[in-house]
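Undergrad: Top line first, the protein sequences correspond to chains E and H.
FYI, the numbering for the first sequence is 1 to 211, going by full-length UniProt numbering.
FYI, the numbering for the second sequence is 1 to 211, going by full-length UniProt numbering.
A couple of the hints might just be wrong.
All copies of an identical chain are treated as equivalent in the list; a pair is satisfied when it fits inside any one copy or across any two copies.
No farther apart than 25 Å at their CA atoms in a straight line, the calculated lysine-lysine pairs in the DSS-like style are these [unchecked claim]: (1) Lys207 with Lys19; (2) Lys37 with Lys204; (3) Lys124 with Lys98; (4) Lys35 with Lys3; (5) Lys92 with Lys124.
If you're looking for bench data, these hints aren't it; they were derived computationally from the structure.
Number of protein chains: 2
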Amino acid sequence: MSKTLIIGASGQIGKLTTKLLLERQHPVVALVRDKSKLDDLNSDYLTIVEQDLENDFSDALHGCDHIIFAAGSGGNTGADKTLLIDLWAATKAINYAKEHAAKHFTMVSSIGADDPDAIQSDLKPYLVAKHMADRHLINSGLNYTIVRPGSLTNESASKLISTERPKDRDKAIISRENVAHVLFTIATEQGSNRCIFEVFDGDKPIKAAIK
Amino acid sequence: MSKTLIIGASGQIGKLTTKLLLERQHPVVALVRDKSKLDDLNSDYLTIVEQDLENDFSDALHGCDHIIFAAGSGGNTGADKTLLIDLWAATKAINYAKEHAAKHFTMVSSIGADDPDAIQSDLKPYLVAKHMADRHLINSGLNYTIVRPGSLTNESASKLISTERPKDRDKAIISRENVAHVLFTIATEQGSNRCIFEVFDGDKPIKAAIK
Chain E
1 MSKTLIIGAS
11 GQIGKLTTKL
21 LLERQHPVVA
31 LVRDKSKLDD
41 LNSDYLTIVE
51 QDLENDFSDA
61 LHGCDHIIFA
71 AGSGGNTGAD
81 KTLLIDLWAA
91 TKAINYAKEH
101 AAKHFTMVSS
111 IGADDPDAIQ
121 SDLKPYLVAK
131 HMADRHLINS
141 GLNYTIVRPG
151 SLTNESASKL
161 ISTERPKDRD
171 KAIISRENVA
181 HVLFTIATEQ
191 GSNRCIFEVF
201 DGDKPIKAAI
211 K
Chain H
1 MSKTLIIGAS
11 GQIGKLTTKL
21 LLERQHPVVA
31 LVRDKSKLDD
41 LNSDYLTIVE
51 QDLENDFSDA
61 LHGCDHIIFA
71 AGSGGNTGAD
81 KTLLIDLWAA
91 TKAINYAKEH
101 AAKHFTMVSS
111 IGADDPDAIQ
121 SDLKPYLVAK
131 HMADRHLINS
141 GLNYTIVRPG
151 SLTNESASKL
161 ISTERPKDRD
171 KAIISRENVA
181 HVLFTIATEQ
191 GSNRCIFEVF
201 DGDKPIKAAI
211 K
């Protein structure tokens, strides 16, 4: 069975996705800086690799078919970390995936990363980093999916989403659990390639929405 | 005669390069955020365009054959500005140059931008931004030259340089005036294409060194 590497597996979305895959007995390599953050996960299908994304983490990709980059912490870290993690660690992960001939790379991006100039906000430096990481993936030659969630919430998974941006900005939201279900679907279906889409809470089952 | 746009013409290297070109009656469009910083320049060959690089500055490229990106302030600004200027404004300038079918784009990059992982220093986020901007230029399809100066000094121009990195790190320096002479030579000779080189104070005349 294919093996999935989750980069940033102790982040909220990363961990939720890890749990979903393990529940379905899907082998996961969880890359984290601090493995104690996964102490509550217990599965024969789980391999934990402890490594700082600011260092060389290429060994973690060994034997992994599918790579999910779910690291980063939104727009709230300092911009130096935005450069070092959201942009540079993502760029390195893409380069490593090419070296390891990974079959598919899924990037957790952000609404707005397609056009950082569209908004003037404190989030713009973050969106620039995400835009350039996405662009690096697009140019990499890898099979890829780029998922751009709306504003994240902690609601429970409805498993119903939309890939069309709501006109009302306040409704451009999605629960982290729904994002995890989207990532799970991409990792296990592996049908998508060269896909870029935004995701929001909506009214369509995930498979149908992202087809 | 070909016209050169200098992005960041009020910066130290940008202004020195502007002066050299004007002295030789070479038409220059100087793009600056605050035109009062060029009050001491007086030439029929000078056009000043006042625009913030965080906004749309594509109009400045109109009619310019050669673009020099000399904006940014080294590693000493906040990382948010590193993302918005050193990376994003550079990326936009490259995109605009393609839209305007500019003949040549010269990027003032930095030693270390080829491999941001080679050093662990506070400069790394800046080098990541420069690396990604350089990479965007390389992938753009434009004719380009990427100049990567060593540590900058305020010495007078010796007009003697080297493109080979000195083994002694303390000697990996170059005066801003020498960098300006290098940029002047690239803009007026226009023979180079798809060239990437580091520059240091050295012992070779500029034309011979960068040939």
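Undergrad: With reference to the structure, classify each hint as holding or not holding.
TA: So, going through the hints one by one against the coordinates:
For the identical chains of this complex, Lys207 and Lys19 are intra-copy neighbours only, at 19 Å inside a copy versus 61 Å across copies, given an alpha-carbon limit of 25 Å. With identical chains, the CA atoms of Lys37 and Lys204 are never at most 25 Å apart, being 33 Å at best within one copy and 57 Å at best between copies. Only between protomers do Lys124 and Lys98 lie at most 25 Å apart by alpha-carbon distance; the minimum there is 23 Å, versus 29 Å within a single protomer. Proximity of Lys35 to Lys3 under the C-alpha cut-off of 25 Å is restricted to the intra-copy arrangement: shortest distance 19 Å within a copy versus 57 Å between copies.
Proximity of Lys92 and Lys124 under a CA criterion of 25 Å is satisfied in both settings, with 22 Å inside one chain copy and 14 Å between copies.
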